[in-house]
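**Student:** Here are the chains, one letter per residue:
There are 2 protein chains.
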Amino acid sequence: MTFKAGIFDSGVGGLTVAKSIYQAKLFDEIIYFGDTARVPYGSKNESTIIRYSLESLEFLKNFDINFLITACNSVSSCALPELRKEANFSVVGVIDAGIYAVTKQAKKDDTILVIGTKATINSNLYKKGLEAKGYKNIISIATPLFVPIVEEEAYSPSLIKETFKLYFDKLNPEEIDIVVLGCTHFPLLSSYLQKYFKNAKLIHSGEAIVELLKKEYNLKEKQNSKIHFLASENPAHLKKVAQKWF
Amino acid sequence: MTFKAGIFDSGVGGLTVAKSIYQAKLFDEIIYFGDTARVPYGSKNESTIIRYSLESLEFLKNFDINFLITACNSVSSCALPELRKEANFSVVGVIDAGIYAVTKQAKKDDTILVIGTKATINSNLYKKGLEAKGYKNIISIATPLFVPIVEEEAYSPSLIKETFKLYFDKLNPEEIDIVVLGCTHFPLLSSYLQKYFKNAKLIHSGEAIVELLKKEYNLKEKQNSKIHFLASENPAHLKKVAQKWF
Numbered sequence: 001m002t003f004k005a006g007i008f009d010s011g012v013g014g015l016t017v018a019k020s021i022y023q024a025k026l027f028d029e030i031i032y033f034g035d036t037a038r039v040p041y042g043s044k045n046e047s048t049i050i051r052y053s054l055e056s057l058e059f060l061k062n063f064d065i066n067f068l069i070t071a072c073n074s075v076s077s078c079a080l081p082e083l084r085k086e087a088n089f090s091v092v093g094v095i096d097a098g099i100y101a102v103t104k105q106a107k108k109d110d111t112i113l114v115i116g117t118k119a120t121i122n123s124n125l126y127k128k129g130l131e132a133k134g135y136k137n138i139i140s141i142a143t144p145l146f147v148p149i150v151e152e153e154a155y156s157p158s159l160i161k162e163t164f165k166l167y168f169d170k171l172n173p174e175e176i177d178i179v180v181l182g183c184t185h186f187p188l189l190s191s192y193l194q195k196y197f198k199n200a201k202l203i204h205s206g207e208a209i210v211e212l213l214k215k216e217y218n219l220k221e222k223q224n225s226k227i228h229f230l231a232s233e234n235p236a237h238l239k240k241v242a243q244k245w246f
Numbered sequence: 001m002t003f004k005a006g007i008f009d010s011g012v013g014g015l016t017v018a019k020s021i022y023q024a025k026l027f028d029e030i031i032y033f034g035d036t037a038r039v040p041y042g043s044k045n046e047s048t049i050i051r052y053s054l055e056s057l058e059f060l061k062n063f064d065i066n067f068l069i070t071a072c073n074s075v076s077s078c079a080l081p082e083l084r085k086e087a088n089f090s091v092v093g094v095i096d097a098g099i100y101a102v103t104k105q106a107k108k109d110d111t112i113l114v115i116g117t118k119a120t121i122n123s124n125l126y127k128k129g130l131e132a133k134g135y136k137n138i139i140s141i142a143t144p145l146f147v148p149i150v151e152e153e154a155y156s157p158s159l160i161k162e163t164f165k166l167y168f169d170k171l172n173p174e175e176i177d178i179v180v181l182g183c184t185h186f187p188l189l190s191s192y193l194q195k196y197f198k199n200a201k202l203i204h205s206g207e208a209i210v211e212l213l214k215k216e217y218n219l220k221e222k223q224n225s226k227i228h229f230l231a232s233e234n235p236a237h238l239k240k241v242a243q244k245w246f
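Residue numbers (my numbering), protein chains in the order written: chain V, 1 to 246; chain A, 1 to 246.
Simulated from the structure, these hints should not be mistaken for lab results. Keep in mind the model is a prediction, meaning the values are calculated, not measured. Hints are not guaranteed to be accurate.
Since copy identity is lost for identical chains, a pair holds within one copy or between any two.
Once the Cα atoms are required to be at most 25 Å apart in a straight line, the calculated DSS-like pairs of lysine-lysine come out as [as the list claims (entries may be wrong)]:
| hint | residue 1 | residue 2 |
| --- | --- | --- |
| 1 | Lys133 | Lys215 |
| 2 | Lys165 | Lys195 |
| 3 | Lys240 | Lys118 |
| 4 | Lys195 | Lys161 |
| 5 | Lys118 | Lys239 |
| 6 | Lys118 | Lys244 |
Extracted from the complex, chain V is given alone in its bound form (with noise of 0.2 Å):
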């Protein structure tokens, strides 16, 4: 049999995710699917997001795929149940695997903060998550300023402290164990929000969506892998961009 995966995101932040899948060659084929044209995501309401994702779902239909990740969370946090509905084959969305890596490095009294859009945090869903696997030091805190400013390369560090200062003005930052990344561009602010929470593990989904397709779906490594990628809107912009990161 032919493994044939979709990666959905509402843009180009999943290809962190779909690296690391193709480079495990979990499939023989991997279409990448970024809605570019609806981008973002994260701020919209729950309802929006279920119609978005059944709609990219039917999309990614027309290549015969066979497995579904969501390489998003704000999708991962709201449209998983729509989405297993309507797809005839595993759903695996990146939440799951942001708390399954969670298990794998942090103990039980951790305290963890997780960070994420709006939909994410509004969601609870790793809030959830992480007190059924018996984590009870959890903080939730919606950062949705990180999307534009990893969207826009506005990397300025004074800019980013500013941003640090809105969000996290209330915490102890040395006393943060593990900053769950609950969002596909906070990867590239790893190096930042290491310098500030400077006894905190980070934890990037991306990493761990791996380690969990092998575990609970029993994929092998393929001898061929290939990727195309495709876009709602510019596809050229998501090419680039996928060139630059792979």
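Chain V is already provided as a structure; the job is to place chain A on it using the hints.
**Tutor:** Frame of chain V, contents of chain A only:
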């Protein structure tokens, strides 16, 4: 004849324009439509903005409008020719209003700074329009982070100061005579901009559009004026913002 206007924006920003028009009672009825499910437009491609604009026009035709105002600079900079081709009535954009306002307040040798989204600045429409009126010293700068700062209501003075540094680093703020707020979100940053560009007049197209409509389209004050608010997602939020601003 009943004058029924559609006012169209990518989100809630255009309400600043709608408010002026509504208060001036230039139409018997106004239908305000915010395409909140696909906001923002300003970072999208020209072809996407045109497509979304035509779809929004089709939707507004349901309400038998006979006048269209594009209360979004990104739409006004990319999609007016296509909208005019599809509408069998007048289509007026905020950029015309902004240019009109400059001609009322600026001397020909003034140094004019135009700020807006990427789509608006890349279109070069303000610059071309102002040059056609005889202005020569025009500086255009895209300031895309201003949009999420307003949308997230992240009015931290030190954060805003850092974005000013990012975008205006090469300017001498004291030499700027006119600042054209080329995005409907930007009037909400007026106090910060006025403090930074302390010798400048700020131009807000929403304030100029009423005068433009009266003069160029011969619209007169009506006895009564009604306004309805519609949105492609979360209409309750748009209505709440409208109630707060109006």
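**Student:** Each hint should be assessed against the structure and marked as holding or not.
**Tutor:** Outcome of the hint check:
no.: 1; hint: Lys133 x Lys215; result: within (18 Å within a copy, 68 Å between copies)
no.: 2; hint: Lys165 x Lys195; result: both (14 Å within a copy, 23 Å between copies)
no.: 3; hint: Lys240 x Lys118; result: between (28 Å within a copy, 19 Å between copies)
no.: 4; hint: Lys195 x Lys161; result: both (11 Å within a copy, 22 Å between copies)
no.: 5; hint: Lys118 x Lys239; result: between (28 Å within a copy, 20 Å between copies)
no.: 6; hint: Lys118 x Lys244; result: between (28 Å within a copy, 22 Å between copies)
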